Amino acid sequence: MKRGLSEHDRAFREQAREFFTTAIPQEIRDKAGTGAELTKDDIATSHRLQHEAGFAVPGWPLEWGGKDWTDLQRYIWLDEMQLAGVPAPLAFNTNMIGPVIAAFGSDELKARFLPPTAALDIWWGQGFSEPEAGSDLASLRTTAVRDGDEYVVNGQKTWTTLGQYADWIFMLVRTDPNAAKPQQGISMLLIDMTSPGVELRPIQLIDGSYEVNEVFFDNVRVPADQLVGEENHGWDYAKFLLGNERVGVAPVGWIKRRLVDAKAHAATIASGDGTLLDDPLIAARIAELECDLAALELTVLRVAANSHGGKPDPASSILKLRGSQIQQDVLELVADIAGPSSLVWDPADDTPDWARRSVPVYLNFRKASIYGGSNEVQRGVIATGILGLKG
Amino acid sequence: MDFAFTEEQTSLREATRDLLARHHAAPVPGDAEHDPKLWQALAELGALGLPFAEDVGGMGAGPVEAVAVALELGKAGVRAPYAESLTATQLLCSDEGFDDLATAAIEGTRLVVPALYEPSRAWSPTPVGVTATAGSLAGIRAAIPYAAASPAVVTTACVGDAVEIYALDAPTFAGATVDLAGQEARAIPGGAAHVQRALNLGTLVLAAEALGAMEAALGLTVDYLKTRKQFGVPLMRFQTLTQRAADMYTSLELARSAVYFLAMTLAENPDDDTAVSRVKVIVGKAGRHVGQEAVQLHGGIGMTAEYAVGHHLARITAIEHTYGDTRFHLAKQARHVKDNDSRDLLS
Numbered sequence: 001m002k003r004g005l006s007e008h009d010r011a012f013r014e015q016a017r018e019f020f021t022t023a024i025p026q027e028i029r030d031k032a033g034t035g036a037e038l039t040k041d042d043i044a045t046s047h048r049l050q051h052e053a054g055f056a057v058p059g060w061p062l063e064w065g066g067k068d069w070t071d072l073q074r075y076i077w078l079d080e081m082q083l084a085g086v087p088a089p090l091a092f093n094t095n096m097i098g099p100v101i102a103a104f105g106s107d108e109l110k111a112r113f114l115p116p117t118a119a120l121d122i123w124w125g126q127g128f129s130e131p132e133a134g135s136d137l138a139s140l141r142t143t144a145v146r147d148g149d150e151y152v153v154n155g156q157k158t159w160t161t162l163g164q165y166a167d168w169i170f171m172l173v174r175t176d177p178n179a180a181k182p183q184q185g186i187s188m189l190l191i192d193m194t195s196p197g198v199e200l201r202p203i204q205l206i207d208g209s210y211e212v213n214e215v216f217f218d219n220v221r222v223p224a225d226q227l228v229g230e231e232n233h234g235w236d237y238a239k240f241l242l243g244n245e246r247v248g249v250a251p252v253g254w255i256k257r258r259l260v261d262a263k264a265h266a267a268t269i270a271s272g273d274g275t276l277l278d279d280p281l282i283a284a285r286i287a288e289l290e291c292d293l294a295a296l297e298l299t300v301l302r303v304a305a306n307s308h309g310g311k312p313d314p315a316s317s318i319l320k321l322r323g324s325q326i327q328q329d330v331l332e333l334v335a336d337i338a339g340p341s342s343l344v345w346d347p348a349d350d351t352p353d354w355a356r357r358s359v360p361v362y363l364n365f366r367k368a369s370i371y372g373g374s375n376e377v378q379r380g381v382i383a384t385g386i387l388g389l390k391g
Numbered sequence: 001m002d003f004a005f006t007e008e009q010t011s012l013r014e015a016t017r018d019l020l021a022r023h024h025a026a027p028v029p030g031d032a033e034h035d036p037k038l039w040q041a042l043a044e045l046g047a048l049g050l051p052f053a054e055d056v057g058g059m060g061a062g063p064v065e066a067v068a069v070a071l072e073l074g075k076a077g078v079r080a081p082y083a084e085s086l087t088a089t090q091l092l093c094s095d096e097g098f099d100d101l102a103t104a105a106i107e108g109t110r111l112v113v114p115a116l117y118e119p120s121r122a123w124s125p126t127p128v129g130v131t132a133t134a135g136s137l138a139g140i141r142a143a144i145p146y147a148a149a150s151p152a153v154v155t156t157a158c159v160g161d162a163v164e165i166y167a168l169d170a171p172t173f174a175g176a177t178v179d180l181a182g183q184e185a186r187a188i189p190g191g192a193a194h195v196q197r198a199l200n201l202g203t204l205v206l207a208a209e210a211l212g213a214m215e216a217a218l219g220l221t222v223d224y225l226k227t228r229k230q231f232g233v234p235l236m237r238f239q240t241l242t243q244r245a246a247d248m249y250t251s252l253e254l255a256r257s258a259v260y261f262l263a264m265t266l267a268e269n270p271d272d273d274t275a276v277s278r279v280k281v282i283v284g285k286a287g288r289h290v291g292q293e294a295v296q297l298h299g300g301i302g303m304t305a306e307y308a309v310g311h312h313l314a315r316i317t318a319i320e321h322t323y324g325d326t327r328f329h330l331a332k333q334a335r336h337v338k339d340n341d342s343r344d345l346l347s
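Each protein sequence line maps, in turn, to chains A and B. Per UniProt numbering, the first sequence starts with residue 1, numbered consecutively. Per UniProt numbering, the second sequence starts with residue 1, numbered consecutively.
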């Protein structure tokens, strides 16, 4: 056992802190504190600045711009990014389709797509979930039928996050309806969102935001060279994509940042003769969250430090589950601190932005325990994969 | 950063495991009995002196090694005054030197335990009703562990605002209580900060023991869900049970990260009581969760004295109530919440 970072990793942390606090505009970073919605430009600016500095895709293979960092360094990098309030490079590009193309795509596909994916010259959307295929993703029904040099795609995708900005979408489609298992008849296709027959409809969420969409495909013709890897192997690629990120699944720096802000906010809300920060129950909630957060961060560090030879420590499976819970707890705390100051959502009102936004943000992040494999799915993975409890 | 035990530490764990298997007695409800043979075996292994310097008779190892032993105690469900002995020994060893009783404790020739509770008083690391006047003590110490074995005790007393430490080589007990008035006591160098250092070590050891107990409780539960049949199928076919087992695993692994890190932290800074408080809360919450769920998921068999799982819950509960419970340590942190930098909880 060895506590603390090596000198090399400490210097790495300093470098990350310096980069994120100087290279990314303050006005974008401040939105983490006020809960203001990030615009397309905010995300694109942050991504491109990181790309120009060579840091947008550290997890990719070296030849495509990757960094060959250790898991611990990857974690340190993300922690500093989140602490500084910096929007991450677009995950659909950097964590999802990019690594899949790099691992399974043909040379031609790599050359065509990886550079613009890293640079955000292509904004990717994700086309996995369907109205009848949520946690049971393998039951998806969108079809792709081969016709000469093309596939003809029909069906519907949903929950396509930021699809309104997407230039392209990576899709799971059914190419063999007669496969022995549903997982075996699925392929991964890359589709230009401007193709005739693609229609996007926004879905409004409980916080009033529009960040997810339905996408409809009506006889959309897709060149066959936009198939990723081999036909009917899409499920393997999807599993790779979902399991690709192990240190980034728990947003520790993000939570730290909000906890720091929560204390500052509590000190601005008068209560009795003092402020809410003097209230013993609020102080105890904050202290308890600090304990929860410390345990989570230590588990992330343990996983990052002890994942040798590409095989992650089994404890990695708890990170998404616990990360989303604590993420939700801290937003609930901020909303409760705002209290009556959270009741008016109208931006024209004088209420401080953080308080006005606190409940919409709290409501919005109920998604965290649902997306990317709901917490019930995560528990199923732990029960089956780690504890050997076969349902 | 590395959370793995070294080869030597792993060997120590295995040696402890073997030793405990040889001395294992079926657990019984109620107060633990001291087992001199087990105790002597632990002394011969060097377990009682792991975190202490060689001049005292210790092994010159550290808190991580003590954690390795305590984990196995907890896992095996063997109750022994391990944390108590290490706490008492630490109280007897200050920067200014050590008391011979410490060496006796390390060698296992004399059982020495701390006497730090007062009757009907919530936990306080500083004495309230125990005083010292010119070296003679007044006040009552209660709930002294392993009192039936007539141990030597180390206690604390207040002298004005200061805290003093005293050793009683052969106190007279009434049950688990000692009325300090008129008992022969020796002053030991050190004050409140030294008491806190001893509590830090003791709390770490207890937390590791709780971790071992949680691990055992989850292991028993998982085995039971795989083998016990109801409605013609193994219990693991019911998601309402397996989802809860997954949550138990989550609590266990979070606690493990915290305990291992605390061991490394105290190895560098034995006075970091903020880190100790944080881990007492993490382990307190995790232990309650894992222990209670382990009994519940077993059903009726988990309630019986002949089955191990309930004893793990009992041990976890005793640990929760030792050296400050979750409430005490949470309140302590809450009082300092303004000073804590949430960005950097680990340094």
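Do not rely on the hints blindly, as some may be mistaken.
With a straight-line cut-off of 16 Å between C-alpha atoms, the simulated EDC-like cross-links for lysine to aspartate or glutamate are [to be verified]:
no. : chain 1 : residue 1 : chain 2 : residue 2
1   : B       : K332      : A       : D279
2   : A       : K2        : B       : D2
3   : B       : K338      : A       : D278
4   : B       : K285      : A       : E288
Hint data in this document are derived by calculation from the structure and do not stem from the laboratory. Remember, it's a predicted structure, so these values are computed and weren't measured experimentally.
Going down the list of hints, with the structure as the test:
At most 16 Å may separate the alpha-carbon atoms for a hinted pair to count; K332 of chain B and D279 of chain A meet this at roughly 14 Å. A distance of roughly 5 Å separates the Cα atoms of K2 of chain A and D2 of chain B; the hinted pair therefore holds under the 16 Å criterion. In summary, the hint linking K338 of chain B to D278 of chain A is supported, as the alpha carbons are separated by about 9 Å, within the 16 Å threshold. Simply put, K285 of chain B and E288 of chain A have alpha-carbon atoms about 10 Å apart, close enough for the 16 Å limit, and the pair holds.
Violated hints for the displayed structure: none, as all numbered hints are satisfied.
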